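Participant: Mind assembling these two chains? They're in different frames, but the hints should get you there.
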Amino acid sequence: EAAVTQSPRNKVAVTGGKVTLSCNQTNNHNNMYWYRQDTGHGLRLIHYSYGAGSTEKGDIPDGYKASRPSQENFSLILELATPSQTSVYFCASGELGGRVEQYFGPGTRLTVL
Amino acid sequence: GDSVTQTEGLVTLTKGLPVMLNCTYQTTYSPFLFWYVQHLNEAPKLLLKSSTDNKRTEHQGFYATLHKSSSSFHLQKSSVQLSDSALYFCALSEWDNSAGNKLTFGIGTRVLVRP
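Chains as they are written, first to last, in this note's numbering: chain A, 453 to 565; chain B, 67 to 181.
It is possible that part of the hints are untrue.
[As the list claims (entries may be wrong)] Facing chain B, according to a computed beta carbon distance under 10 Å, are these residues of chain A, among others:
(1) Asn-483
(2) Tyr-485
(3) Gln-489
(4) Thr-491
(5) His-493
(6) Gly-494
(7) Arg-496
(8) Ile-512
(9) Asp-514
(10) Pro-521
(11) Glu-547
(12) Leu-548
(13) Gln-554
(14) Gly-557
Note that these hints are calculated values from the structure, not bench results.
In this text, all values refer to a predicted model and were calculated from it rather than measured experimentally.
Think of the CB as a built atom: it goes at the ideal place given N, C-alpha and C, for glycine as much as any other residue.
If we strip away everything but chain B, and leave its shape as in the complex, we get (with noise of 0.2 Å):
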């Protein structure tokens, strides 16, 4: 089945300096990739999202490429902010005829920015 691979589980920065969050993803279908963030005691909400292979999306100050060779949609930022810190999933969109539309997430990095 479908899997989502996120590597750090704790990123630890200062502010202003850049980040990248890696996710790695497994499928047998087209890959449709979400990046969500959720800030501390709330619902996690859509960053950005991607199935174009090779293009950049931005949003928020964020951005990732979809790289369907080596199976990859990092997110990264030039220069975080303490708004910034929260957990980021990386999810894999799966189709699935009956349903339509199931997600599968990664673990979490959980992102701390400091003065």
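Excised from the complex, chain A in its bound form (with noise of 0.2 Å):
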């Protein structure tokens, strides 16, 4: 069974001020993405990764920052948080190469204030 783990499962932050979303996987894929989940938006893509090293914007990255030290460790990074990113963020994994699924993490629901 895959396994994506996220932490923190559940963060108060205050506007402006810096917050990092931690997402682990054990699976040994190269692929590694961020989504946002919100009502009336569904999943959307914020950032994604093919390898340790790399990082790539995806649809929404704006006020988003990513890392990807290892081949098991993705973040995601709010330099100055705002209340619009207010949202429940998912880690997700999978392999590299073309319509493959992707392993969702447990999810950490953000509230800036």
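Facilitator: Pasting the structure below:
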């Protein structure tokens, strides 16, 4: 069974503060992804990576940075958090190659006050 | 760019009845479609997938057929159970040579099954 974990599971941050969301996968997958989930928008891709040291912008990257220091870990960084970034964030991993399943973590609920 | 449309935001029905969730897509590539299911406070999980035109694919009582002529991949089940209450996402794979696999999701359809 694929295993993707996220930490923290819940986070309350203040406007202007820095937030780091962490993701770890034990699947040895090359690809990793960060999504946010909002009612009426579904899952939207923020950043993704296809290996250690690489990060790519997704569909909604503004206000977010990503870091992939190793095959297993992929972080999402909000340098200056804003209330509009209040959301549920999901990390996912997938094998290199096209048309393959993505495995999702349990999600992080972030509230920015 | 690619897009996925799910027209129903909420579907409420009684246990034992059939359900169909609509999914249509737009892409310039050869389509590869997925259905993911997300139960309350859980992660999305793959339900089924297909890239074969006019072939029915099934899993856990759910089934869908990709129809390239109408750009559709509707999800169906003959008899819903209480445990089918969840959020269902249709997703389209975009082959990106640099990333290998990007998914475009629809906004989701919430299914609520009543006793």
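Participant: Look at each hint and say if it fits the structure.
Facilitator: Results for each hint:
no. : hint    : result
1   : Asn-483 : holds, 6 Å
2   : Tyr-485 : holds, 8 Å
3   : Gln-489 : holds, 9 Å
4   : Thr-491 : holds, 8 Å
5   : His-493 : holds, 6 Å
6   : Gly-494 : holds, 4 Å
7   : Arg-496 : holds, 7 Å
8   : Ile-512 : violated, 12 Å
9   : Asp-514 : violated, 17 Å
10  : Pro-521 : violated, 18 Å
11  : Glu-547 : holds, 8 Å
12  : Leu-548 : holds, 5 Å
13  : Gln-554 : holds, 6 Å
14  : Gly-557 : holds, 6 Å
Consistency note: the structure conflicts with the earlier hints numbered 8, 9, 10.
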